[in-house]
Amino acid sequence: EKDNEKVQYVEKLRNALDDYECEVTKMKIASLEHAVADCFKSIIRKPKFAESVTVDPETFETNLYDLNGVLIPRSVLSSGEKQIFAISMLWGLAKTSGRPLPVVIDTPLGRLDSEHRKNLIQNYFPQASHQVIMLSTDTEVDEELYRDLEPHLSHCYHLVYDAEAGKTMAENNYFWKA
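Residues 1 to 178, numbered by this note's numbering, are exactly what the sequence shown covers, in order.
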């Protein structure tokens, strides 16, 4: 009889834990949706382009909605807007985790127009993490964008391939900066 009571308690506890897990997941998903939407709005160059993001708790499929709650199909997004959305997802995940996560991003500005580049330089990189490593080409960050980014830089390296030595060397500067 005592064993049966214990089994019943365990079943009740299991049900309570399942309910708790479901509620915590809903709360985390809601927090993630809000964070991603805020991040997207802070770096997209089109004001009032999108208002909200949803994340399906089962499949984790994400959707973007306009001010009227109408789904914005990914097919209508430019490649730059898709990139901005992807960066917003990563930024929102990092914010929602509550943990300091380093960010490494390769050629983040390559597909973007000048306004999106400026928004990323001013609104994303200074806040993305405690540690951001950005790998760029010589055409991504011009002198004006570099000046905007410079107050947030601790180190800057130019990777130069030495054909004779067959290796890449790191120089302590940025492409055109002496």
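Derived from the structure by calculation, the hints contain no laboratory data.
On a predicted model such as this, the values are computed, not experimentally measured, just so you know.
It is possible that part of the hints are untrue.
In silico lysine-lysine, DSS-like type, Cα no more than 25 angstroms apart, as pairs [to be verified]: (1) Lys167 to Lys82; (2) Lys26 to Lys46; (3) Lys95 to Lys118; (4) Lys118 to Lys26; (5) Lys12 to Lys46; (6) Lys28 to Lys118; (7) Lys82 to Lys118; (8) Lys82 to Lys28; (9) Lys48 to Lys82; (10) Lys6 to Lys26; (11) Lys6 to Lys82; (12) Lys41 to Lys118; (13) Lys167 to Lys177.
With a cut-off of 25 angstroms on the C-alpha distance, tell me whether Lys118 and Lys26 pass. 34 angstroms, violated
Taking 25 angstroms as the top limit, are the C-alpha atoms of Lys28 and Lys118 close enough? 31 angstroms, violated
Take the C-alpha atoms of Lys12 and Lys46, compute the straight-line distance between them, and say whether it is at most 25 angstroms. 51 angstroms, violated
Given the proposed pairing of Lys26 with Lys46, does the C-alpha separation stay at or below 25 angstroms? Violated, at roughly 30 angstroms.
Would the hint linking Lys6 and Lys26 be met if the CA-CA limit is 25 angstroms? 30 angstroms, violated
For the pair supplied as a hint, Lys167 and Lys82, confirm whether the alpha-carbon distance does not exceed 25 angstroms. 35 angstroms, violated
Would you check the hint for Lys167 and Lys177, treating anything up to 25 angstroms between C-alpha atoms as holding? 22 angstroms, holds
Mind checking the alpha carbons of Lys41 and Lys118 for me, to see if they're no more than 25 angstroms apart? 14 angstroms, holds
Can you confirm whether the C-alpha distance between Lys48 and Lys82 stays at or below 25 angstroms? 16 angstroms, holds
Is Lys6 within 25 angstroms of Lys82, Cα to Cα? Measuring from Cα to Cα gives roughly 53 angstroms; hence the hint is violated.
Take a quick look at whether Lys95 and Lys118 sit within 25 angstroms of each other, Cα to Cα. 22 angstroms, holds
Check the hint pairing Lys82 with Lys28 against an upper bound of 25 angstroms on the C-alpha distance. 23 angstroms, holds
Comparing the model with each numbered hint stated earlier shows that hints 1, 2, 4, 5, 6, 10, 11 do not hold.
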